[in-house]
Amino acid sequence: MTHPVEVDGLVKVFQDEGRGRVVAVDDVSFVVDRGEIFGLLGPNGAGKTTTLRTLATVLGPTSGRASVMGYDVVEDPTEVRRSIGFLSTSTALYPRLTARETLEFFARINGYPEDRLKARVDALIQRFGIGAYARARVDKLSTGMKQKVSIARAIVHDPPVLIFDEPTVGLDVLNAHELQEVIRELRGEGKTIVFSTHIMSEAEKLCDRIGIIQGGRILACDTLEGLRAATGLRYLEDIFIHYARPAA
Amino acid sequence: MTIDLKVTLALFWTELKSALRDRRTVLLSILLPALVTPGLLYLSRQRETSHEAKLASAVHAYAVTGPEAALANALIGEASASGTREARFKEVSSEDPGPELDEGAIQVWIEALAAGDAEKPPLPRLLLHHRGDREESLTALRQLERALRQAVEGRQGRVLAEHGVTVARAEVLPAEAVDLAPEAGSAGSRFGRTLTLMLVFLILGGGSVVAVDTLAGEKERGTLETLLTSAAGRRDIVAAKLLLILCVALAITLIQVLNLAFWGGLKLFELPNDLLAALTPGRLAVLFVLFLPVAALLSALLLYISGRSSTYREAQTWFLPLFLGALVPPAAAFLPGIELRSAIVLVPVANLSVGVTELLAGRADGPMLVLAWLVTAAAAVWVTGLAARTLTGERLLAAGQRDAAEALGGPALFPRRVLLWFALFWVIQFAVALNVEWMQPIERQVLFNVVLVFGGGALLLIRHFRLDPKEALALRAPHPAAWLAVLIGVPAGLLTGLGVFRLASLLFPVPEALLQAFSETLAPKDLPDWQMLLFLAVLPGIFEEIAFRGVLTYGLSRRLRPVALVLSVGIIFGLFHSALFRIAPTAFLGVLLTSVVLLTASIFPAMLWHGLNNAFALLAGRAGADLADLPPVYYAVAAVVLALAFWILWRTRRPYPGLRT
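These protein sequence lines map, in sequence, to chains B and E. Numbering-wise (our numbering), the first sequence opens with residue 1 and increments by one. Numbering-wise (our numbering), the second sequence opens with residue 1001 and increments by one.
Isolated chain B, as found in the complex (with noise of 0.2 Å):
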């Protein structure tokens, strides 16, 4: 294994009934390392999702190939969702749990140690300060508290690969930080991290590399600095502009 997260070539087509052939991801390759936060930024209906959830197992490509901590996304799919922890906008919390039992409940299911469970759950919640609210239903917890807990959730097994579709969108301002923070310690404990986000700031404040993605394509692949020497451009909004104007 060379790189926790690699992807190459890799191919997601739709065949809908309604309009035919949709080509989501086109050729798109990648390779992220411990302990970096490699953003996909690229506009609504990109690519960024289906590729994600084709890294997280939960679409299968139709060519290509993709791995996670060296484990196939087709031939190993259970160990690639053992190896990560998922976290979208559309990744909801079960209602009617408590936050702990949430907590433990995946824990359980991702297969982290039955003798450890306890400990682990406790530390989190500690860590994310839900301790007063550890025995609530998830249902009446605010925004913020439901954010907290699911990133919890996500960590709960503490996988080495974290997979962060957009997970800002719908937060307010000091919530969306105090996530960017939680995602800029994970990358200190040498956490892998694939992070999506059509927000220009973001990117370029939280990702070591950033991939500008467009109608399933990845444009161009570097460091800020990389893109900015690329350009000549400094703004990250304007480098975007550069290279997805003319493939729009």
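Hints were generated in silico from the structure; no laboratory data involved. Predicted, not measured: the structure shown is a model, and the values here were computed from it. Don't take each hint at face value.
Subject to a maximum C-alpha distance of 30 Å in a straight line, what follows is the list of computed BS3-like cross-link-like pairs (lysine-lysine) [claimed, not checked]:
no., chain 1, residue 1, chain 2, residue 2
1, B, Lys118, B, Lys140
2, B, Lys140, E, Lys1017
3, E, Lys1017, E, Lys1006
4, E, Lys1017, B, Lys118
5, E, Lys1006, B, Lys118
6, E, Lys1054, E, Lys1090
With beta-carbon atoms standing in for the labels, derived distance ranges [what the hints assert, rightly or not]:
no., chain 1, residue 1, chain 2, residue 2, range
7, E, Leu1009, B, Val74, 19 to 29 Å
8, E, Ile1571, B, Arg65, 32 to 42 Å
9, B, Ile241, E, Arg1466, 33 to 43 Å
10, B, Arg65, E, Pro1655, 35 to 45 Å
11, B, Val74, E, Pro1038, 51 to 61 Å
12, B, Glu225, E, Glu1471, 51 to 61 Å
13, B, Lys140, E, Ile1571, 26 to 36 Å
14, B, Val169, E, Arg1047, 51 to 61 Å
15, B, Gly9, E, Pro1655, 26 to 36 Å
16, B, Val11, E, Gly1410, 24 to 34 Å
17, B, Ile241, E, Val1381, 50 to 60 Å
18, B, Arg116, E, Phe1262, 41 to 51 Å
Yeah, the Cβ is synthetic: ideal placement off N, Cα and C, and Gly gets one too.
Given chain B, work out where chain E should sit, using these hints.
Below, chain E without anything else, positioned relative to chain B:
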């Protein structure tokens, strides 16, 4: 890929906990039925009691006109004087009783005609005018009829006594039925017929709320994707959810049964006296084992429709056709002369319904019962697999994902909706056939099913989905050689189909009583030839083709490849033909006709083929020719000729537009 028991159980307990915390589930699935059942039983009992009391105290007003009015009054008076009848009558004088009957002032108007008024017999005659749309008038009519019959019998008795015959009427040549079946056997047979039906009803009712919530609800809430990105496998998820539906459905069924037993014990309603004799502990244990695959299949079906739906509401709309459709197979036990040792053993649920009836009647067919169990269990496994596959359905991954087809509607959406519509047609057809007595004559059945449901339904779909009629119905001229292929293919196809049916009958015999009853219903002897050909050959040839080889084939051709398309349309066509033993031969004809449409890109040869096929079969039947009992060589030759017909069609084939390859 195997099931991880630890993960599955963790999922199951969490789902169960979550379901029990849902007030809606607890209210709709447990509390409401538990409270409503005794309520309904109480009301029904109350109504019955009050009806009986009302009858006892009712005074039925009537008027008598005509030359024999005195005779009518005398007869009613004699019946009232005998004191054996509870009903009381009051005569109302009236010159014109018609309007008074309409206004409700009287319940019956007796027109007593003199002997000469009627052509035959030359005796006085009483016409009992009443209002069939009013309960009080109908009740009075029944009471008057009984009273008059009783009075006439009294007079007959007196006349006989005057002539020296003193034997009571009831003692003259008495005929008494003697049931040689064991007491428990008769009760078991009666109870067994309804048992599976009742169980299906309870399981579907009890499991539906939790089933809809468990996948469609999860999609809507967004928790399904959370689960799909965990290490739990698809099979673990489906197994846990299936277990959940099964447990909740069985628990609710048990609660309902105990509930009924409790209120029955309190005499809220009458339990059959001999029922307990039929339900020995041993039989109860066997019944539990027999019904397990039924419960698993129903749970899997519920899970499947939940998985196919992207929202709670969509799942609820699918539930009604499933519910009505699922009640049909267990009703097989009511078919006349049906035995488990027949083709029915291959029909899931229906087979166990018949098997359970035989078991409770004390004539269980062990090997066939095992086969029935295996068939239903295999169906449960297959549907569970389908449900598991819905979790990989990309379109349904998350709630609210409306793609272009759903947003645009019309022709783009039609391929996705066509099966749902045909399921609705199927339910309408069966619900009406089973419940509307007016539909009994074959002409009316054809007019309703074939012309209205199939023809009207197809036109409705064309209009609703804004389809091009020429495209949807394949209204194109075929290659001229297609007509030749049809002419040689029709008799060959008919004989080949009968040969296949005969082969199948060797393995799974169809009860003779069933065949005879069906044949008499399908083509009554008193139906003139021209009507038989019109209703059973011409109209099906046109309208069934419009529906099945027209819109259904067009819709499914956008989703299925040719072989799957031909088989699917054929099987669906077979399922629309009510008698279970007709499904296979009709499906065979459906496969032939769909192949003809795909090879000619035209509906017209299939219409001709269908019409001629039915006409040949019916006329041969009328002429007394038993086509199903020819020497085997005839069928072999027919199969070769059929192959020749399809060779011609293949050589002159025209592309069916939009067919997936």
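Legend entry - Which numbered hints fail: 13
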